[in-house]
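There are 2 protein chains.
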Amino acid sequence: MPHFLSTQDADFDEGFARLLAMKREDSPDVDEAVGRIIADVRTRGDDAVIDLTRRFDRLTLTPDTLAFTEDEIDEEIARVPDADRAALERAAERIRAYHARQMPEDAEWVDPEGATLGWRWTPVRAAGLYVPGGLASYPSSLLMNAIPAQVAGVERLVVTAPTPDGKANPLVLLAARLSGVETVFRVGGAQAIAALAYGTATIPAVDKITGPGNAYVAAAKRRVFGRVGIDMIAGPSEILVIADGDNDPDWIALDLLSQAEHDESAQAILITTDDGLANDVARAVEARLKTLERREIAGASWRDFGAIVTVNNLGEAAELADMIAPEHLELCVATPEALADNISHAGAMFLGKWTPEAIGDYVGGPNHVLPTARSARFSSGLSVMDFLKRTTIATMTPGALKAIGPSAERLARSESLEAHGLSVRARLDRLNEQ
Amino acid sequence: MPHFLSTQDADFDEGFARLLAMKREDSPDVDEAVGRIIADVRTRGDDAVIDLTRRFDRLTLTPDTLAFTEDEIDEEIARVPDADRAALERAAERIRAYHARQMPEDAEWVDPEGATLGWRWTPVRAAGLYVPGGLASYPSSLLMNAIPAQVAGVERLVVTAPTPDGKANPLVLLAARLSGVETVFRVGGAQAIAALAYGTATIPAVDKITGPGNAYVAAAKRRVFGRVGIDMIAGPSEILVIADGDNDPDWIALDLLSQAEHDESAQAILITTDDGLANDVARAVEARLKTLERREIAGASWRDFGAIVTVNNLGEAAELADMIAPEHLELCVATPEALADNISHAGAMFLGKWTPEAIGDYVGGPNHVLPTARSARFSSGLSVMDFLKRTTIATMTPGALKAIGPSAERLARSESLEAHGLSVRARLDRLNEQ
Numbered sequence: 001m002p003h004f005l006s007t008q009d010a011d012f013d014e015g016f017a018r019l020l021a022m023k024r025e026d027s028p029d030v031d032e033a034v035g036r037i038i039a040d041v042r043t044r045g046d047d048a049v050i051d052l053t054r055r056f057d058r059l060t061l062t063p064d065t066l067a068f069t070e071d072e073i074d075e076e077i078a079r080v081p082d083a084d085r086a087a088l089e090r091a092a093e094r095i096r097a098y099h100a101r102q103m104p105e106d107a108e109w110v111d112p113e114g115a116t117l118g119w120r121w122t123p124v125r126a127a128g129l130y131v132p133g134g135l136a137s138y139p140s141s142l143l144m145n146a147i148p149a150q151v152a153g154v155e156r157l158v159v160t161a162p163t164p165d166g167k168a169n170p171l172v173l174l175a176a177r178l179s180g181v182e183t184v185f186r187v188g189g190a191q192a193i194a195a196l197a198y199g200t201a202t203i204p205a206v207d208k209i210t211g212p213g214n215a216y217v218a219a220a221k222r223r224v225f226g227r228v229g230i231d232m233i234a235g236p237s238e239i240l241v242i243a244d245g246d247n248d249p250d251w252i253a254l255d256l257l258s259q260a261e262h263d264e265s266a267q268a269i270l271i272t273t274d275d276g277l278a279n280d281v282a283r284a285v286e287a288r289l290k291t292l293e294r295r296e297i298a299g300a301s302w303r304d305f306g307a308i309v310t311v312n313n314l315g316e317a318a319e320l321a322d323m324i325a326p327e328h329l330e331l332c333v334a335t336p337e338a339l340a341d342n343i344s345h346a347g348a349m350f351l352g353k354w355t356p357e358a359i360g361d362y363v364g365g366p367n368h369v370l371p372t373a374r375s376a377r378f379s380s381g382l383s384v385m386d387f388l389k390r391t392t393i394a395t396m397t398p399g400a401l402k403a404i405g406p407s408a409e410r411l412a413r414s415e416s417l418e419a420h421g422l423s424v425r426a427r428l429d430r431l432n433e434q
Numbered sequence: 001m002p003h004f005l006s007t008q009d010a011d012f013d014e015g016f017a018r019l020l021a022m023k024r025e026d027s028p029d030v031d032e033a034v035g036r037i038i039a040d041v042r043t044r045g046d047d048a049v050i051d052l053t054r055r056f057d058r059l060t061l062t063p064d065t066l067a068f069t070e071d072e073i074d075e076e077i078a079r080v081p082d083a084d085r086a087a088l089e090r091a092a093e094r095i096r097a098y099h100a101r102q103m104p105e106d107a108e109w110v111d112p113e114g115a116t117l118g119w120r121w122t123p124v125r126a127a128g129l130y131v132p133g134g135l136a137s138y139p140s141s142l143l144m145n146a147i148p149a150q151v152a153g154v155e156r157l158v159v160t161a162p163t164p165d166g167k168a169n170p171l172v173l174l175a176a177r178l179s180g181v182e183t184v185f186r187v188g189g190a191q192a193i194a195a196l197a198y199g200t201a202t203i204p205a206v207d208k209i210t211g212p213g214n215a216y217v218a219a220a221k222r223r224v225f226g227r228v229g230i231d232m233i234a235g236p237s238e239i240l241v242i243a244d245g246d247n248d249p250d251w252i253a254l255d256l257l258s259q260a261e262h263d264e265s266a267q268a269i270l271i272t273t274d275d276g277l278a279n280d281v282a283r284a285v286e287a288r289l290k291t292l293e294r295r296e297i298a299g300a301s302w303r304d305f306g307a308i309v310t311v312n313n314l315g316e317a318a319e320l321a322d323m324i325a326p327e328h329l330e331l332c333v334a335t336p337e338a339l340a341d342n343i344s345h346a347g348a349m350f351l352g353k354w355t356p357e358a359i360g361d362y363v364g365g366p367n368h369v370l371p372t373a374r375s376a377r378f379s380s381g382l383s384v385m386d387f388l389k390r391t392t393i394a395t396m397t398p399g400a401l402k403a404i405g406p407s408a409e410r411l412a413r414s415e416s417l418e419a420h421g422l423s424v425r426a427r428l429d430r431l432n433e434q
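In order, the protein sequence lines correspond to chains A and B. Residue 408 in the UniProt record's numbering sits at position 408 of the first sequence; the count goes up by one each step and never skips. Residue 375 in the UniProt record's numbering sits at position 375 of the second sequence; the count goes up by one each step and never skips.
Hints are supplied without guarantee of correctness; some may be wrong.
Said to hold, decoys possible - Facing chain B, a subset of chain A residues (Cβ under 10 angstroms, in silico): (1) P356; (2) P366; (3) M385; (4) V424.
Stated by the list, open to error - Over 10 angstroms on every C-beta distance to chain B, these chain A residues come out as not near it, computed from the model: (5) S6; (6) G15; (7) E32; (8) T60; (9) E70; (10) D71; (11) L88; (12) D165; (13) D207; (14) G245; (15) E319; (16) M396.
Please keep in mind that the hints were generated in silico from the structure rather than gathered at the bench. Note that CB positions come from ideal geometry on N, CA and C, so glycine has one too.
Based on the provided sequences and hints, a complete structural model is requested.
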């Protein structure tokens, strides 16, 4: 049974605070082991990567076989059923169209003092995308990471994807092909992250690493951060559905379960103004849990972290939503746009009952790499911006320097930074001589 | 003596690689101590903050005196000389005008399938800005952190600024007043960061923490990252000046020294096409080092990490600049725009000989919080974007769902995520019934 709460309960605030504070992840402390792996890759390069791949993935590689060849990729891709290929192409196309609109503009203007100011965006030169192996090897995630990089104009895009026991995922290779990936290395774990950050003879170093992974991958990304850029460290999935009484309980139940089935630590919450719907959804979830393929995972998530909250009105729902700051937010209400305007903190919003969250995981267009664990309060999902950086630009004329230089000099002296002040003063003196 | 290199040297590549790899910072390992301080603040709140402030800042506070009162701020500000006040106001105005142009636009469009897609930017609700105490207590840094937050629309902006032995910096308080800061708490160190991240009875928790600080502050920011957002962890300052022969060596020397005077670990590099200028700048630096107030710091930085590199042409200079990816880049050449177009990786560029870097520290307009230690390869300076986050939005119509839903269902099944597929299928079935 999930947690049931109502804003009419006398102890609602305490119960809701407990729900928010729930610790859903026990991250095993692998930091030391990861430190050793990174040091090993830095010292021994390819040899270390090959040894570690033999040990963890039971796969024997050589520098020549670390990467898939074009022929190998062709061969794997040929096995993808036509309908899967068409669906993946559709997804790639829609994700590309959405992200193309995110490209920011350069700016340049002349200010009243005559100074030219502005900024310029340029892509990261090389990016490495991590794709997990085994069960969580999702071609959709590869698209969601690689396409923004491709749209940003990243020159060199490589993927590392472990192939335990040599088993590759043909759809992942097709996704790589569809999104401009240059090379796919069949390595994973902390050793792949270390190779991407520091480079080996065969795996060239990149400037930015993105993509999900297990505790080892997450710890390695934390450790190499600063040497290279990384995306967020994603926690378990979350969904918040806000629904009025005019909904099919089975649809809502499936939407909740589509997060719950990801992970026993995932969290699915329903907030509703309708007590009847609350009960009906609870029953519909139980019914679906009888037959769902991943019922063990989804059932555990729903039992431990699921919640149904009844509220008096949508205003209350909006307030709670901002406190939850969910990764995914579905608004299954009559006028979802109005409700959306009242909510500030969410990674992605899905408006109206015809927009199940799963659409956003694949073909909606927006990115599915989104802030978890309430971090939507201060961060955003993956985007083209993650693969760009901005250089600010300033050009003074003699006139502009005359106008604003004295203020700079004054502030420099007030901060006891004499050379700062002198560098401005030397130029002002020259202008005054002229 | 700084390092002298020339691209004509047979061993240039090795020498330049050594320059790039130079370890300039020895960060003392304070992580354990910081862990204890954070735990203490989480457990004992105000009491811990007060005890630690007594111990580290030799200042006895109570919950009532943790923050400056309005009257206290008025009193301190009254001591600011008029010229300093005017300069600070000038700086605030120009920084505000520049950052106002950074506000990104929301987007919404209807795609060919009839789906409405887009995104929306919203500000972080509450931000905490850290201002160091003592020598590095820079009012300009407060402006550079607070104004972007204010422009972004952050509702609640607080500052923590230690006042060792009770000594406040009136200019810092004036800068806070000029940039919409609500409260200034006279606490610092890891205890201030912990209080901002977790909240105490008197210091309310925020969602984002920015601002420079010592090793304790940096370690605390790393530890609370995830609970709240943080800006970058800044390393020691850097400047790269690219100059042709037509320059005043003294100006270039002062520009180099204006970074070197920050910190013994700062790095100032000159790349020039002119051997004569190389020698003249070296001499001019030595001459200025005889009288400069901070000559011990600047001298150590220049001796240990300074470098003068002579190159055959500006093409070589651009290549080296991209490898250095400097925090500050001055282009003192005849056509700086053309050279700027050939360089991708730099935090901020200053074009032409009338644009000393120090202008950008105070009154230029662009932010002076910039990526260091080669991280301009993958990251940008502080901006309005650091105080905003983006929520993506998608609204399907029945028609749009019919068009793209089957692809989502197909991909969900290929990833063995049954509930994802069913959440789409249940809706498609309803549409097919109709």
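Now the hints, each set against the structure:
1. P356: holds, 4 angstroms
2. P366: Interface hint status for A:P366: holds (4 angstroms vs cutoff 10 angstroms).
3. M385: This interface hint holds because 8 angstroms falls under the 10 angstroms limit.
4. V424: At about 5 angstroms, which falls below the 10 angstroms cut-off, the nearest Cβ of chain B leaves the hint on A:V424 intact, so it holds.
5. S6: holds, 26 angstroms
6. G15: Its Cβ never comes within 10 angstroms of chain B, the nearest being 20 angstroms, so this holds.
7. E32: Holds, since 14 angstroms exceeds 10 angstroms.
8. T60: holds, 28 angstroms
9. E70: Nearest chain B Cβ is 23 angstroms from A:E70, so the label holds.
10. D71: Answer for A:D71: holds, closest chain B Cβ roughly 24 angstroms.
11. L88: violated, 7 angstroms
12. D165: holds, 18 angstroms
13. D207: Given that some Cβ of chain B is not farther than 10 angstroms from that of A:D207, nearest at about 5 angstroms, it is violated.
14. G245: Label holds. Min Cβ-Cβ 18 angstroms, cutoff 10 angstroms.
15. E319: holds, 13 angstroms
16. M396: Incorrect as stated: the minimum Cβ-Cβ distance to chain B is 4 angstroms, not above 10 angstroms.
Taken one by one, the earlier hints fail for this structure at numbers 11, 13 and 16, listed in ascending order.
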